[in-house]
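Asks: Residue numbers (the numbering used here), protein chains in the order written: chain A, 1 to 536; chain B, 1001 to 1276.
No lab work stands behind these hints: they were computed from the structure.
Beta carbons are placed, not taken as given, at the ideal position from N, Cα and C, and that holds for glycine.
One or more hints might be untrue.
List time: in silico SDA-like cross-link candidates among lysine to any residue, alpha-carbon distance up to 25 Å [to be verified]:
{"#": "1", "chain 1": "A", "residue 1": "K270", "chain 2": "B", "residue 2": "S1244"}
{"#": "2", "chain 1": "A", "residue 1": "K371", "chain 2": "B", "residue 2": "F1034"}
{"#": "3", "chain 1": "A", "residue 1": "K366", "chain 2": "B", "residue 2": "S1244"}
{"#": "4", "chain 1": "A", "residue 1": "K270", "chain 2": "B", "residue 2": "F1034"}
{"#": "5", "chain 1": "A", "residue 1": "K186", "chain 2": "A", "residue 2": "G205"}
{"#": "6", "chain 1": "A", "residue 1": "K365", "chain 2": "A", "residue 2": "D410"}
Partial pick of chain A residues on the chain B-facing surface, computed with a CB cut under 10 Å [unchecked claim]:
{"#": "7", "residue": "S150"}
{"#": "8", "residue": "V154"}
{"#": "9", "residue": "A158"}
{"#": "10", "residue": "K179"}
{"#": "11", "residue": "A244"}
{"#": "12", "residue": "A263"}
{"#": "13", "residue": "T320"}
{"#": "14", "residue": "N384"}
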Amino acid sequence: MSGFTISRRKLLAGSAMLLASAAMPISGWTQTPKKGGRLVLAADSEPRNLNPAIVASNGVFFISSKIVETLAEASYEGKDGLAPRLALSWEGAADGLSVTFKLRVGVKWHDGQPFTSADVAFSALQIWKPLQNLGRTVFKDLAAVETPDSLTAVFKFAKPTPFQLIRNALPALSSVVPKHIYEIGKIEDNPANNAPIGTGPFKFGEYKPGQYYRLTKNNDYWGKDEPYLDEIIYQVLPDRTSAASALEAEEIQLAAFSAVPLADLDRISKVPGLKVISKGYEGLTYQLVVEINHRRKELADLKVRQAIAHAIDKDFVVKTVFLGYAATATGPVPKNDPQFYTADVPNYAFDVAKANALLDEAGYKKGPDGKRFTLRLLPAPYFNETKQFGDYLRQALAAIGIDAQLVNNDSAAHIKAVYTDHAFDLAVGPPVFRGDPAISTTILVQSGIPSGVPFSNQGGYKNDALDALIAKASETLDSAARTDLYKEFQKQVAADLPLINVAEWSFISVARETVGNIANNPRWAVSNWADTYLES
Amino acid sequence: MSPLRRFLRTPEALAGTLLLAALIAMALSASLIFPGDPQAIAGPPLLPPFHDWSLPLGTDRLGRNVLAELFHGARASLAVGLAAAAAALAIGSFVGTLAGFAGGLVDEVLMRITDAFQTVPSFLLALAFVSVVGPSLGVVVAAIALGTWTGPARVARAEVLSIRERDFVAGARVIGMHPLEIAFREVLPNALPPVLAMSSVIVAAAILTEAALSFLGLGDPNRVTWGGMIAEGRAVLRTAPFLSIVPGIALMLTVLGVYLAGEGIVETTATRRGLS
């Protein structure tokens, strides 16, 4: 390994290493993994509820995906981009009314009980469908789960449901929790939500608030020789600047989810013993979106929305806000999606003169002070980048005579202001694309969503043609036809601009070179890490 | 020797005055030297200082001119500092005078309220106030005044207690002036000098509090503030430390200037009182 490391370091210094590591075939990394060791990594948030079956979000997955497993995981080389986990195979019926899962043999829960199809049925019907943030939409027509034997689960749908959607939803939405633990008492109050019990390669050890989470090895794990690590420690480091120093001081061996600020990556990539990896997050693409409140009469005018789209220099945003670690967006599906993306949509080139002309045409002339009208702009506070883009957007709008007044809120106040009170004109949001537009993307533009649902269309936008298209796609069973409908969906969204997609980004991991098998699937940071190992 | 000359003789006072004068000049000339929006993108991002003479202090992460931001930030700091101190002094001397002059139950109630405010750390109070009401310049001023009016109130009350026993107050009573008129037209002006002596400390504390609030993202996001600049620079502290250091130095010099000048004034008035 040492000879390989040195030659690689010499060859691929600095940012070139990033590109190379993304292009390098998986086999290039394969070698005999070592057993044992403790992996210490940075965690920047401390989710209260660790049950991934209820809260399907990356913050929860980051920790609990090692404990609670899903039916299938995303994969670079597997069929349909999936690799088996608790399910070995899945098959959809031609009429779209049922999906049959064959489950893995010999899997045990961490408390020794056997894992059976009853656990899958319970999780699907009692948790994913009624309680899970994403499952509520995807599994809304799930009527029953039949269990002909202990290793077969048949999902029965009341209405035809595209198998493609169910398949794409498996990695994020199908965390299976034990029935014998959750059938007692109220699911939301179950103590296992804070100390999860699963089938995964690691067991929940302990949680010290403000300090760490500790996961320990599951000796009865179904994977042969896995897991390799003895322990995983999530060191709570809420301050983003401290993760880089902790890596350099060898206090932690891994900082995932861009815990190291983008501005520090160039410097840290030159530190011997550390590697910067931009792979392993393809399944977790975040989209930088300008959310628009169509209740404002100026913004209800398509010309004004087009003008705003023309006023944003997407290349500048990618280069300065994201320091190149992002891609410009063309529409509501990110470019890196292998199934649905189409580039054949209306484009809005950066053109201030054209933007000004469009606003003049719309009848909003510049006043004597050079301003046309004033808007409230609410950048989401979750990421440095969304806040910075807010600062940029204010300047971009000033250039076309729109006076944007920034309103800063904390997370809770921002969600309330935008998604419940609608007290915004423009907002900057980071929705996540989860491998299928029906999971969390169409909801951003669809009408008729009650107020208070976060990360949904709360801008009062209503377009019957688009609603009809979304409805049709949701019941189209043929994958090719369904994909075509979503291509049409991208065109219509880009043409009518219910929101403006600016950029797409994902995360960066920084790790010590001793950490092996990093980034070997598209959702690596939130996968089970059974094959992750440490060289001594 | 005239008070002004005596004032300028003390080296601290002179240094303080010079610093303050420079700050005020910066604040006043901001719009003349850097017209337009100081937050406009002016050049390539993260340009280090002293590389391009049209952008002497370089640019921040979005390519905004750091020097322009520094000048406009002086305005925010000074405006908030002065407004908050003025508000704190006004509230404080009003409450103190009322309590001291009325005595009895009114005094008790007002002083217990003052105690209550004093037991809450003033920064915490400002933090809570701004997060509830929402950040804007006026709210920040009010939040800072809310935590700092208690000092002036106590000093004013103590002064009023001694003044209200003087002959001219008794005289005013005899000629039938309304008690409130006596309190605010006769007593308050005489009680003011020691209260005003606190102003420099309050201004300095207000400037620091404003910077701290902005640093935590609770300043007015539509204005450049030094605290906000330091916070912005913090994300790139290792690669572009100047983004935090430059406004940090400006902040330190300002507070130092205000404090030194205030000390000078107190010293001058003290010697004058001593001489007379």
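Asks: Now look at each hint and say whether the structure bears it out.
Replies: Against the structure, the hints come out as follows:
The straight-line distance between the Cα atoms of K270 (chain A) and S1244 (chain B) is roughly 24 Å, inside the 25 Å bound, and the hint therefore holds. For the given pair, K371 (chain A) sits about 19 Å from F1034 (chain B) by alpha-carbon distance, which is consistent with the 25 Å threshold. With a CA separation close to 37 Å, the supplied pair K366 (chain A) and S1244 (chain B) exceeds the 25 Å bound. Annotation: proposed proximity of K270 (chain A) to F1034 (chain B) is violated, straight-line Cα distance about 39 Å (limit 25 Å).
With a CA separation close to 24 Å, the supplied pair K186 (chain A) and G205 (chain A) stays within the 25 Å bound. Annotation: proposed proximity of K365 (chain A) to D410 (chain A) is violated, straight-line Cα distance about 35 Å (limit 25 Å). A least Cβ separation of about 53 Å between S150 (chain A) and chain B goes past the 10 Å threshold, and the interface hint is therefore violated. Among the interface hints, the one on V154 (chain A) is violated; its C-beta lies about 51 Å from the nearest C-beta in chain B, farther than the 10 Å criterion.
Of the supplied interface hints, the one on A158 (chain A) is violated, with its beta-carbon coming no nearer than about 46 Å to a beta-carbon of chain B, more than 10 Å. Checking K179 (chain A) against chain B: minimum C-beta separation of about 43 Å lies over 10 Å; hint violated. Because the closest C-beta pair between A244 (chain A) and chain B is about 7 Å apart, less than 10 Å, the hint holds. Interface hint at A263 (chain A): satisfied, since its Cβ lies 4 Å from the closest Cβ of chain B, which is below the 10 Å cut-off.
The interface hint given for T320 (chain A) holds, since its Cβ lies 5 Å from the closest Cβ of chain B, which is under the 10 Å cut-off. Because the smallest distance between the Cβ of N384 (chain A) and any Cβ of chain B comes to about 6 Å, under 10 Å, the interface hint for this residue holds.
The structure is inconsistent with the numbered hints 3, 4, 6, 7, 8, 9, 10, although it conforms to all the rest.
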